Amino acid sequence: VILGCLFGPAALYIWAIGLLAAGQSSTMTGTYAGQFVMEGFLRLRWSRFARVLLTRSCAILPTVLVAVFRDLRDLSGLNDLLNVLQSLLLPFAVLPILTFTSMPALMQEFANGPLSKVVTSSIMVLVCAINLYFVVSYLPSLPHPAYFGLAALLAAAYLGLSTYLVWTCCLAHGATFLAHSSHHHFLYGLLEEDQKGETSA
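If you use the numbering used here, the sequence shown closes out at 249, no skipped numbers anywhere.
Simulated from the structure, these hints should not be mistaken for lab results.
Computed from a predicted structure; not experimentally measured.
Hints should not be assumed to be uniformly reliable.
Said to hold, decoys possible - Simulated restraints, written as ranges between beta carbons of each label pair:
id	residue 1	residue 2	range
1	F158	Y80	18 to 24 Å
2	L154	D122	29 to 35 Å
3	T224	G78	23 to 29 Å
4	W63	Y181	21 to 27 Å
5	S170	L137	16 to 22 Å
6	S210	C106	24 to 30 Å
Ideal placement from N, C-alpha and C gives every residue a C-beta, glycine not left out.
Working from the sequences, and respecting the hints, build out all of it.
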């Protein structure tokens, strides 16, 4: 509605089409991820319909309950909270992808090159910084001061996990000096590949 008022109806429809495409992409990736987790890790052989019904119900039912039993203000607040959570979870999706695709031992000839590493890392840092800014700007709107203590505990755990992911990403980009002797198994064969290259040279 805001886009339509500010930029005209064309922007409103463009946003609607993009939102629909994002929803379809999320549904497909969620279904495939659920299939791999259930069949590969949990050994559960469910039909595709049951798997989609379970995952979509977990995603849609809370929104439907809020829409039915609460007013529009609560639904808007839920939307803001979901945007904040998605911003917080972004590094946990982007950093592992960048880490694994930068490992020659895993990706072979399809591993990221130097230019690709620089570009993707720069984009990742920029996007995460923007999202972190919006998350910090959202914190003062918390309804009760007690939430700040909980937010501080969650922030400590979040920063710890993010630091670990950044550390493994740096290892995948060739910063092997950051690895200790007990952490070489995190390199997933990078040291062995380097040693083979030096031996053949």
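Compare the structure with the hints numbered earlier in the document and write down the numbers of the violated ones, lowest to highest.
2 and 3
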